[in-house]
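S.K.: Sequence:
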Amino acid sequence: MAAHIRPAGLEDIDAVAGLLNERMNARIPIERWRRILDYPFRPPEVERGWLAEDAGRIVGFMGTIYSDRPTAKGIRRFCDLSSWYLLADYRGSGVGDDLLRSGMAKPDVTYQTMTARRATGRKIRALGFSVLDSTRSLFRPGANPGMGGLRLIADETAIREKLTAAQRQRLDDHRGLDIHHAYLESDKTGTGTWLVWQRKLKGAAIAYHEVLHASDLSFLSQHASAIADCVCTGEAAVLAVDTRMLDECADKGVVETIPLARWYRSPDVAPRDIDHLYSEVLLLDQKLP
Numbered sequence: 109m110a111a112h113i114r115p116a117g118l119e120d121i122d123a124v125a126g127l128l129n130e131r132m133n134a135r136i137p138i139e140r141w142r143r144i145l146d147y148p149f150r151p152p153e154v155e156r157g158w159l160a161e162d163a164g165r166i167v168g169f170m171g172t173i174y175s176d177r178p179t180a181k182g183i184r185r186f187c188d189l190s191s192w193y194l195l196a197d198y199r200g201s202g203v204g205d206d207l208l209r210s211g212m213a214k215p216d217v218t219y220q221t222m223t224a225r226r227a228t229g230r231k232i233r234a235l236g237f238s239v240l241d242s243t244r245s246l247f248r249p250g251a252n253p254g255m256g257g258l259r260l261i262a263d264e265t266a267i268r269e270k271l272t273a274a275q276r277q278r279l280d281d282h283r284g285l286d287i288h289h290a291y292l293e294s295d296k297t298g299t300g301t302w303l304v305w306q307r308k309l310k311g312a313a314i315a316y317h318e319v320l321h322a323s324d325l326s327f328l329s330q331h332a333s334a335i336a337d338c339v340c341t342g343e344a345a346v347l348a349v350d351t352r353m354l355d356e357c358a359d360k361g362v363v364e365t366i367p368l369a370r371w372y373r374s375p376d377v378a379p380r381d382i383d384h385l386y387s388e389v390l391l392l393d394q395k396l397p
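Quick note: the sequence shown, position 108, residue 216 per this note's numbering, numbers continuous.
Hints may contain errors.
To be verified - No more than 30 Å apart at the CA atoms, straight line, and that leaves these computed lysine-lysine pairs for DSS-like: (1) 270 - 360; (2) 231 - 395; (3) 308 - 360; (4) 360 - 181; (5) 181 - 231; (6) 360 - 296; (7) 296 - 270; (8) 181 - 214; (9) 270 - 308; (10) 395 - 214; (11) 231 - 214; (12) 395 - 270; (13) 310 - 395; (14) 231 - 308; (15) 310 - 360; (16) 181 - 270; (17) 395 - 308; (18) 310 - 231.
Hints are computed from structural coordinates only; laboratory data are not their basis.
Could you put the whole structure together from the sequences, leaning on the hints where they help?
M.R.: Okay, here's the thing in structure tokens:
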């Protein structure tokens, strides 16, 4: 068996989606697997992932989900690493490591992965990755009475009026995915933040409203408890915020260890500029670990 590595193209989408559905996770429909190769915000010049191929047969895959995002340093290219899989017969041969390295070979790209297993974490640490976050802060509604004074705007037309052109593009890039948007603003100051979150049940049927993005992280840091009161209603729920998103001096709520650490490697992007948009978790409708 002599597999070689090559970039995935448009013609490979069906075969890769079928492989991942059959061998990696059959609970994820083929239509959803297709998204990680054919997502609406893909820059046109990039590959659709990397393949291990043996005599024309696809035996492995490494997903590379690219996006161009604004950061404190300007627009930067990101790549969310996804769905590293190799058929059992080829494991231990070095092909899997070649596949992994191919997926993270561009020096000017910020790489991230939010779902790496511990063994994968050890491998990518050796390839220059660092832990992006290992804890999150939980805020329960009603924990700090009297800290309200926020107004939640849920109507999309009204939200769009509050956003910049770049933010409206971000909203449009994620249209059709199972995530939630709102604009929250202070009655006193008129300041606010656009908030994007995902709601998933975890543990003892607790609804985690996991913050994916906030346009103003300082506003989120200052008002996290009040935001929980606005967002986490009518059920047993918490607002969950990765610790890096909060100001250093902010109330951290109840700090919880993330079961699988988030990882990143970047030439110049700070951890605080790395959020959960444009990721496999959203395209596949998974839970964040």
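S.K.: In ascending order, which of the hints set out earlier in this document are inconsistent with the structure?
M.R.: Hint check: nothing fails, all pass.
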